[in-house]
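**Student:** The residues making up each chain are set out below.
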Amino acid sequence: KQEVTQIPAALSVPEGENLVLNCSFTDSAIYNLQWFRQDPGKGLTSLLLIQSSQREQTSGRLNASLDKSSGRSTLYIAASQPGDSATYLCAVGDIQGAQKLVFGQGTRLTINP
Amino acid sequence: GAVVSQHPSRVICKSGTSVKIECRSLDFQATTMFWYRQFPKKSLMLMATSNEGSKATYEQGVEKDKFLINHASLTLSTLTVTSAHPEDSSFYICSAIRTGAEEAFFGQGTRLTVV
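Chains W and X, in that order, are what the protein sequence lines are.
Residue 19 in our numbering sits at position 19 of the first sequence, and the numbers go up by one each step.
So our numbering is basically just the index in the second sequence, starting at one, shifted up by 113.
Check the hints yourself; a few may be wrong.
Said to hold, decoys possible - Taking CB as the label site, the calculated pair distances span:
1) 131/X <-> 113/W: 39 to 47 Å
2) 139/X <-> 10/W: 45 to 53 Å
3) 42/W <-> 131/X: 33 to 41 Å
4) 224/X <-> 54/W: 34 to 42 Å
5) 69/W <-> 193/X: 42 to 50 Å
To be verified - Facing chain X, from chain W, some residues (calculated, C-beta under 7 Å):
6) 32
7) 43
8) 49
9) 53
10) 100
11) 103
Everything labelled a hint here was simulated from the structure, so no lab data went into it.
The beta carbon of each residue, even a glycine, is placed where N, CA and C say it ideally should be.
With the rest of the complex left out, here is chain W (with noise of 0.2 Å):
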């Protein structure tokens, strides 16, 4: 069963910092994965797709790298912003069953002006 772990829960960094969070998976066969932002008591925005064959997509200010092997995925924000403050999720894609998402936990980011 895949299991999502990211890490650290909380994160606090002040404005203008770069900043990597992290996640791991412990299932190498994975479909793709996904890269989330959730506001308090809001839905969720997508952020970045990798799919398996990928090793990074980029989206403006943010980055995130895959290494099936490993297990890990990272996703980089550059020059942090207090708007960027959110809850960010990591999501793996089943390959076996229609682009099922396995969520983890989240990190809790707070950007201090």
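Got chain W; can you put chain X on it based on the hints?
**Tutor:** Here is chain X on its own, set in the frame of chain W:
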């Protein structure tokens, strides 16, 4: 990006009543939609896969008679919580994947409180 609309965003109901939550893909067709449940400060747990025109597939431990799913069209799936109890109080989120694509888009979520 694609838009998924979920309604209502919040609902309070009395114990023993049923509540229906709608999930609509506004600008694309979705053969498959998914329903998740999120407990406070926990991650999302997949409840069921909703397939247009056929029966939903439920994850282990999810009561299909309690959580009724109907995917009657390519743009609408509904989740009905029947005979709701306080332990059903939770945040329910749907997602949809455009037919032929891979990226999942999520609704805004529904906060259900059963009193």
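**Student:** Hints broken by the structure, by number, lowest first?
**Tutor:** 2, 3 and 9
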